Every structure is written in structure tokens, then in C-alpha cells.
Amino acid sequence: MSDALLRLEGVHTHIGQYHILHGVDFTVPRGQLTMLLGRNGAGKTTTLRTIMGLWKASQGRVIFDGQNIAGRPTPDIAQLGIAYVPENMGIFSDLTVRENMILAAREGEIDSQRLKWIFGLFPAMEKFWTLEAGSLSGGQKQMLAISRAIVEPRQLLLIDEPTKGLAPAIIMNMIAAFRELKSTGVTILLVEQNFMAAKLLGDNVAVMDDGRVVHRGAMAELAEDKALQQKLLGLSMDAHQ
Amino acid sequence: MTVAAAATENLTLPKVKTDWLPAMLVPILAVAALPLVGSFSTWVTLTVAALAMGMMIFLMASGLTLVFGLMDVLNFGHGVFISFGAYLSLVALGPLAGWVESDNVWLNILVLLACAGVAMLITGILGWAFERIVIRPVYGQHLKQILITMGGMIVAEQMIHVIWGASPIPIRLPEGLRGAFLFGDAAVERYRVIAALVGIAVFAVMHLMLNRTKIGLLIRAGVENAEMVESLGYRIRRLFVGVFIVGSALAGLGGVLWAFYRQTLTAGMGMEVNILIFIVIIIGGLGSIGGCFVGSILVALVANYTGFLAPKLALGSSILLMVLILLWRPQGLYPVAKR
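First to last, the sequence lines map onto chains Y and V. Read the first sequence against this note's numbering and you will find it ends at 241, with the numbers running on by one and no gaps. Read the second sequence against this note's numbering and you will find it ends at 339, with the numbers running on by one and no gaps.
FYI, nobody ran anything at the bench for these hints, they're computed from the structure. Keep in mind that the hints are not guaranteed to be accurate.
Computed cross-link-like contacts, DSSO-like style, restricted to lysine-lysine with a CA-CA straight-line distance of at most 30 Å [said to hold, decoys possible]: (1) Y:LYS182 x Y:LYS164; (2) Y:LYS199 x Y:LYS116; (3) Y:LYS116 x Y:LYS56; (4) Y:LYS127 x V:LYS144; (5) Y:LYS226 x Y:LYS199; (6) Y:LYS127 x Y:LYS182; (7) Y:LYS182 x Y:LYS226; (8) Y:LYS127 x Y:LYS116; (9) V:LYS144 x Y:LYS182; (10) V:LYS214 x Y:LYS116; (11) V:LYS312 x Y:LYS56; (12) Y:LYS56 x Y:LYS127.
This structure is a prediction, so every number in the text was calculated from the model and none was measured.
Please take these sequences and the hints and turn them into a complete structure.
See below:
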């Protein structure tokens, strides 16, 4: 069993007067891909944003690599080695693909070997290198968002619904890219609505409902237990497979 | 290593269109005004004067548009840096009075540079203090920003009265910068040419900085999505303070040029151009330096041409221009993509 790179302990988050997370607990083992599943409004995005410090936890602890990062400013959290790909991708539309990547490379120059590897994962990035990111298609923007997150080695990737709104062919492309990423040993926490993608990629799973984690375990177990899927996610998985 | 290329087989190169139309409005407007003005020499004089005026407005407005774009801060007190910049000319003019009267143009230009240097340094420091004391407590609260920055401006104006007195102060343009260049029948004031050149130089430097340096990229990225810049590990607050200081210093520089243009100092001179500056940054697209540049020239051209052709309309010409442009492009000439 791998040790936990990230552990959430009783995390509560309020946004204005709304109490969104009600004591979220789960762990993300080092070097594995953990899926965070749940219905719309279950609190998945809020969980990622709370880890990233974009919304402050009102209670509880977020332990990353042995230190509590709850309440720290977002740039400090990013500098610890956490990369975040938000649901809206967070692409800088007015900047070129190259400029987006330059900004993501905090350490300075982009390592040419790593860039070559990224171009291997996402050939579109090489092709559109000098174009404004705003002119890319939705799938290409998602590729850029992920490329940006991995332009330098990071300890943990937080990725929010990377397959949302993408065509099936591009989803397969994404799944292949995540498999490749997994093989490098990076730890990933992936929010996903697409159960097929979750099944293919996840080592572990945490399922959220109404701001709480209602199930945690191995992804393979959930993938095989249709009754549990129905109970936790409230939909027929056959339709998603 | 290569991932299944299903999604990339169908790659078509998207075309990036450079939007020249707003920039083309400047020559179109100028050419369209020529037959209306009638006399070529008068048209040249009006046009060059408008370019100089536009560049001064650009200097005064460029910092404000970045401040608004980057941190969503409505700084109605921006005009105070213009007034302070103008008055701070006096600090340099005092010891350099001999150079002002000299007919050596290079000494005259040194006087201008000294005034600009002092004004930019001190307005930059004032900008830093203004951000810490006035702006910082009201991030994200537009109504409070308007009220407190207006209040800050009133306080600063009174400070000018305390330091330099309430009466208007005349200042002399250095000897060699007075007069005009004559091109046939057209007279182009020397000082206006200098003001136009300074504005163009500052725009060029800003353009290079915003497009060729990492700090510039961060500013542009921050204007579009500040939260994502923070998520990449950069402290947007520090960047904003830097932009605020530079914006204040540029307003101070604009104030110096504006002061020598008017040749009279009044504490309210910054507040007088505040409305004009807001019109310019709205026309240009909030947060857009290119839009601010084009908007400044358009406002000045329209003001000059209507002032000559229909003086009664001159007062409202900028607002009319803003209405027309917003009807055409509701986000301004060069809207900045927002999250």
C-alpha cells in the first residue's frame, strides 16, 4: 500500500453563506490515480478548489506531503508542487500556446526533452505552438491545460473534468494521455463524470454526495459492482459504458 | 510514446485574425475630416495637435486600464497622480530655472527629463502608498472602491493646496520648446511633437514589455484570469502593486506633459481629465493597452475636429464617440478575454 501524498481530514468549506463541504475525508496515495466521482453539485470542484486554496477551508486539515496546507495562499500551494487544471481549463486566450507554456514553467526555460515528450502526448501543441490559445478547439484547449500542468515535474495533478464536452475520439486521446502520465509515477486526483474514463484510469476512487465522501476504495471494485454504482452515483452505468 | 492520434488527425490550422479595423479608424477619421476642415494646413495643425493630446491622454490612462483589468479595481483617484505629477515639475524647475530660459534645446529637453524623472519617482511612491492605504482594504468591493478613491482624491487635492497653495501657478515652457515648426502654411507646435514622441515611445516600450517579457505575459494573463495565474504559483498581488506603481508613475509623467501643455497648474487638473480617461479606457476595452492607445487618439481627434467644425458639440464629442463605439463594440475596441 502506497503512503498518502494528500490527505483531507474533516474539511468543511463555506462559500458565502452556503456550507458546501461537510467534513470531507479521503486520501490520495502517492504515485496513483485517484478518481473523485459524484453527481453534479456533490462538491467535487469545491474540494479541488479548497485543496488549491482558491476557497479556504473553514475547518479541517489538508495534509500534503506531511504538511497542513489548509489556509495557505494559492501560489504557495502551487509552489509545493501541485498543478491544477480547472473545469473551465483556465487557458489564457489572448496568449499563444507557447506563451501559456512559458508561464507555466516557473523554474525558467522549458526543458526541451520534456517539451518533446509533451508534443508526443499532444501533437496539436506542437502544431499550434505559435497560435493564440483562444483560437483552439475545446479539445485542444484541454490538451493545452494539461500540457501546462505537466510542463515541469509536479508531485500532484488536480484535474477537474477533463473529458467534459469533448468528442469521443478526443476522450480516448485524453485517456491514453493520462495512462502515459500515470506510467511516469505522478500522483493524480481526477474529477470525472464519465464513468467509462474513470473505470479505465482509476486506481482508487472516492465518491462524493452532498458535500461528503460516501464511498472510498479501489476503482476496480466499484467498476464491478453495478448495484453499488447505482446506489452511489444514481444512474445506470450501462448507459456510460 | 505517441498517444492515439484520433483527435489530431483532423488538425486544421485555425486562422488568427489580426483585428486592424479599430486601429484603421484613426486614419479613416483623419482622412474623412480633411474635406470637412477644408484647408490642408489647418487639418495638419489640428491632426498633429490631436496626436499630441492623444498621447498625453494615453500616458495618463494606460496605468488605469491595467489596474482595472488586472485587479478589477475602479480607481477614481487616478487623477490625483496627474495633478501631483504636474506640481512636482516645480521641484525640478526651481533649481533648473537657468536651463528653462536657455535657448539650448538640449538643456531644455534635460529640464523636461528632470521634471519627468522627479514626477515619476514620487508619484510611483505615492501610488505604492495609495494602494496600501486606500485600495487594499476594498478589493472586490466596487462601490467602496469608488467612494474611497474619490475621497482619497479629495484629500490629495487638499494636500496640494496645503503644499503649493490654492492659487493657480503658471509655469513656463522651456525657451527652445516654444514656437512651431512650419510646413508650408501648416504650423505644428514643437512641444506637441515632443509630447507625441514621448507617448509613442512609452507605448512602444509597454508593447514590447507586455509581449516580450515574462512579467508582461504575467500581466496580460492576470488581466484575463488572475486566479489561474495564482494557481500557476505566481503572487498576483505583488504583480498588481508593481503595475499600480508603474501606472501611477505614468500618470505623473502624463501630468508633467499636461502641465507644460496648459502652462498653468491647478490642483483640480487631474480630476478634470479623469472623466476623459475613463471614456478612453472604456472605448479601448478595459485592460487593453492597444485599445487605450487607439482610444486616446480617437478621442483627441474627434475633440479637435469637432472643436473646429462645430464648437458647440465639442464638449460632448467624447461621450458621443463612446456611445457610437459601444453600440458597435459593446466591450470596447479591443476587448480583453475574461474568464
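Tested hints:
For the suggested pair LYS182 (chain Y) and LYS164 (chain Y), the alpha carbons sit about 20 Å apart, so the restraint of at most 30 Å is met. Under the criterion of a C-alpha separation no larger than 30 Å, the hint pairing LYS199 (chain Y) with LYS116 (chain Y) is consistent with the structure, at around 29 Å. With a C-alpha separation of about 37 Å, the suggested pairing of LYS116 (chain Y) with LYS56 (chain Y) is violated against the 30 Å cut-off. At roughly 47 Å between alpha-carbon atoms, LYS127 (chain Y) and LYS144 (chain V) are farther apart than 30 Å, so this suggested pair is violated.
For the hint linking LYS226 (chain Y) to LYS199 (chain Y), the alpha-carbon distance of about 12 Å falls within 30 Å, and the restraint holds. Using a Cα cut-off of 30 Å, the hinted pair LYS127 (chain Y) and LYS182 (chain Y) holds, with the two alpha carbons roughly 25 Å apart. At roughly 26 Å between alpha-carbon atoms, LYS182 (chain Y) and LYS226 (chain Y) fall within 30 Å of each other, so this suggested pair holds. Using a Cα cut-off of 30 Å, the hinted pair LYS127 (chain Y) and LYS116 (chain Y) holds, with the two alpha carbons roughly 12 Å apart.
Among the hinted pairs, LYS144 (chain V) with LYS182 (chain Y) is inconsistent with the structure: their alpha-carbon atoms are about 49 Å apart, more than 30 Å. Distance check on the hinted pair: LYS214 (chain V) and LYS116 (chain Y) sit about 22 Å apart at the alpha-carbon level, within 30 Å; holds. Using a Cα cut-off of 30 Å, the hinted pair LYS312 (chain V) and LYS56 (chain Y) is violated, with the two alpha carbons roughly 56 Å apart. Restraint check for LYS56 (chain Y) and LYS127 (chain Y): not satisfied, since their Cα atoms lie roughly 39 Å apart, outside the 30 Å limit.
In the structure shown, a violation is registered for the earlier hints numbered 3, 4, 9, 11, 12, in ascending order.
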